[in-house]
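Asks: So you can see what is in the structure, the chains are spelled out below.
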Amino acid sequence: MIPELGQIALLLALAAAVIQGTLPLIGAARERADWMALARPAAQAQAVLVALAFVCLTSGFVRNDFSILYVAEHSNTSLPLAYRIAGVWGGHEGSLLLWLVMLCGWMLALARFSRSIPAPVVARILAVMGLIGAGFLLFMLTTSNPFERIVPVPPNGNDLNPLLQDPGMVVHPPMLYMGYVGFSVAFSFAIAALLGGELSAQWARWMRPWTTAAWSFLTLGIMLGSLWAYYVLGWGGWWFWDPVENASFMPWLAGTALIHSLAVTEKRGAFKSWTVLLAIVAFSLSLLGTFIVRSGVLSSVHAFATDPKRGLFILAFLVIVIGGSLLLYAWRAPKVGLGARFEMVSRESMLLVNNVLFVVAMLSVLLGTLYPLLLDALGLGKISVGPPYFDTVFLPLMAPVLFLLGIGPLARWKQSELPALAKRLRWAAGVAFAAVLATALLAGRITLGAGFGVLMSAWIVASIATDLAYRLRPIGPAPVSLWTRIQTLPRPLLGMMLAHIGVAAFAFGVSMVRSYEVERDVRMQIGDTTEVAGYVFTLRGLRNVKGPNYDAVQAVVDVRLNGTPVALMHPEKRNYRVQGTALTDAAIDRNLARDLYVSLGEPVDGGAWIVRVYVKPFVDWIWGGCLLMALGGALAASDRRYRAKHPRDAAAPIDDLTATTTGTRPLEAGA
Amino acid sequence: MTPRRKRFAIVAGIVGAVGVAAALVLNAFNSNLVFFYSPSQVAAKEAPAGRTFRLGGLVEQGSVKRDGVSVRFVVTDMARAIPVRYEGILPDLFKEGKGVVAQGQVGGDGVFVAREVLAKHDENYMPPEASAALKRAAAADSRGAQR
Chain U
7 MIPELGQIAL LLALAAAVIQ GTLPLIGAAR ERADWMALAR PAAQAQAVLV
57 ALAFVCLTSG FVRNDFSILY VAEHSNTSLP LAYRIAGVWG GHEGSLLLWL
107 VMLCGWMLAL ARFSRSIPAP VVARILAVMG LIGAGFLLFM LTTSNPFERI
157 VPVPPNGNDL NPLLQDPGMV VHPPMLYMGY VGFSVAFSFA IAALLGGELS
207 AQWARWMRPW TTAAWSFLTL GIMLGSLWAY YVLGWGGWWF WDPVENASFM
257 PWLAGTALIH SLAVTEKRGA FKSWTVLLAI VAFSLSLLGT FIVRSGVLSS
307 VHAFATDPKR GLFILAFLVI VIGGSLLLYA WRAPKVGLGA RFEMVSRESM
357 LLVNNVLFVV AMLSVLLGTL YPLLLDALGL GKISVGPPYF DTVFLPLMAP
407 VLFLLGIGPL ARWKQSELPA LAKRLRWAAG VAFAAVLATA LLAGRITLGA
457 GFGVLMSAWI VASIATDLAY RLRPIGPAPV SLWTRIQTLP RPLLGMMLAH
507 IGVAAFAFGV SMVRSYEVER DVRMQIGDTT EVAGYVFTLR GLRNVKGPNY
557 DAVQAVVDVR LNGTPVALMH PEKRNYRVQG TALTDAAIDR NLARDLYVSL
607 GEPVDGGAWI VRVYVKPFVD WIWGGCLLMA LGGALAASDR RYRAKHPRDA
657 AAPIDDLTAT TTGTRPLEAG A
Chain A
-12 MTPRRKRFAI VAGIVGAVGV AAALVLNAFN SNLVFFYSPS QVAAKEAPAG
38 RTFRLGGLVE QGSVKRDGVS VRFVVTDMAR AIPVRYEGIL PDLFKEGKGV
88 VAQGQVGGDG VFVAREVLAK HDENYMPPEA SAALKRAAAA DSRGAQR
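Residue numbers (our numbering), protein chains in the order written: chain U, 7 to 677; chain A, -12 to 134.
By construction, these hints were calculated from the structure, which means they are not laboratory data.
Watch out, some of these pointers could steer you wrong.
Derived DSSO-like pairs: lysine-lysine, alpha-carbon spacing no greater than 30 Å straight-line [what the hints assert, rightly or not]:
no.: 1; chain 1: U; residue 1: Lys420; chain 2: U; residue 2: Lys341
no.: 2; chain 1: U; residue 1: Lys388; chain 2: A; residue 2: Lys(-7)
no.: 3; chain 1: A; residue 1: Lys(-7); chain 2: U; residue 2: Lys420
no.: 4; chain 1: A; residue 1: Lys(-7); chain 2: U; residue 2: Lys552
no.: 5; chain 1: A; residue 1: Lys52; chain 2: A; residue 2: Lys82
no.: 6; chain 1: A; residue 1: Lys122; chain 2: U; residue 2: Lys315
no.: 7; chain 1: U; residue 1: Lys315; chain 2: U; residue 2: Lys388
From a predicted model like this one, the values you see are computed outputs, not experimental measurements.
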């Protein structure tokens, strides 16, 4: 009964979504308040129904109801409860449902926190989101129904892919989808702006917290995915330029460009149509990412041929959403306008360079990801694009971004003087070069990559410190206390600084790992030792371990540095009983300066194992940096003043914006 | 500068930057395309010498021989077989009789020296390159039989 209830809930949700996507839109065009007012209740109805369907599917997993095909394919009675719940989004159909749940969550939040936004605007935004929801519901109901029954009912399920039985994989998809779907808010704002034919600085102010929040979630989602790959795949790598990863990275690059261009639109009213275009692109790439990962097209483009209905629907949906919004853009963008002017040296121009570089980077990833798929689909042969391609393209593109990151936030809007900037930043430059020298002395050797990484991260941090020192300087004869001065710093500014420090930490971690990591594959018997980067690893013993749904061989590895014990590590080689799949569970000893990483390869003659031993300096800074970026975004998005009413701003021309905002309190968000 | 000249300078700057980036991207792209060959194609010397490519097929039964860290095995498409040498740890899903894709170069002795061995995330999943190689060989085989 429960699956049928879920099915009915989805059908009703579709009805609600269609109402939400049409009537408020017509109402906004005809200025009918009663029709526009339908947007909020319709969104709430859709949310309740989708949540109900999600609960129904989850209950199928919890109760081990293998009469549901999807549950039978992705669960098993021996699977621990937490992973049975995570199994809800372990496959294609359930992921779509999770996507919808997230969409409804964003819709509810928008319906709740949009009191300051005029009714026609809210009606249009919620209507666009309703249409997206309707598209997804239609896709689920016609091609990917999670509630499909199976007859005869299998006695037990096929189990969840062992790689997904991990805490990281439980939280990674929801975070990622929060980010993907969050860009639908920015997208809906953009479409609503095109429909209404206006995009003022006030619009950008409405859009910014939503976009920044979505970007933070996406950052967190990508970070968790990378962390998971690091310890589960047993390779010790943190990024592989795999199409699955690229699919999530492309919306991130577009989204990063978007949050920066939104800053310009809000502060200066410039880059208007560009911002709209970026919002469309970021969401289109999110859609593309969802579909290429989940539809199976990556493992084989011929997955479409076996289920042509699914493939055709996806293509049609992408064409309608992306093509439709781009057409609308071409038609209406001139009405939205370009916005205010600025000088060659100004914060605007630096953010413009940032945008150009991020978009080029995004396009280069797009090329490397889609070209092999395209060739294969056209039957022109099978190729793959190696990681060296992405490495060689990315570094030269991101190097100027890092350099400008140290200058941009200190440059003035509209017009800035180069000599003055150089003078303010001379100490930061000195600190950066000193840091490179210190690294070379400490490490004993330095590579070009490490030198550049340290130079740039120290440069960024020193520049932020310069900025902070200036902003916190005592003013007047009786200055307020330092703490009070800190408290008056606007949250968006602090958020930006935090995120930029995150970028510095990330760049530092990447350059350190790439330059100084030591990897060794060795054959080890019990009692054997091997030395890697000064650490002495000894294989003390091997034992059999029984997990809830797997059997494992566990090694005990003792690590010493100069004779003192550092860690006792327990890497495992697991064999999951139901699917008969082997899985390498690496043992990692983390600290801020280095990770020790031991994983079991395979058994060889004489009771020995091939063991992989890595020492990875500063690798955790990579994820730490991502975490800081996400936290910075969250801090910036949480500023209350974004939600406050600014009735005068809405009507004020752009050039007066600074004047009107100083009346309240300047919203001094940086880039 | 007059506004007009300035706008021209900005546009020229962007066009120039994008042009340089595009040249960079396309150059890197071209030199990093990894083509795929089946064992039959490699046996027929169709694969380029001295360039990295991917070899896909099945791991021949009983062909895996370990010697400490280095390992030898044979990749077959049921028509021809190519010996492969690899140093390091094989992925969890590497098994005799299962699909595999190896990336590397053919050495002077005709042995394929793999830098990387890929077997993907799913037990039932056959790397697309591997299944393509098997299909191609099977098709060639049936054509041969008809003749």
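Asks: Against the earlier hints, flag every one the structure doesn't satisfy and list their numbers going up.
Replies: 2, 4
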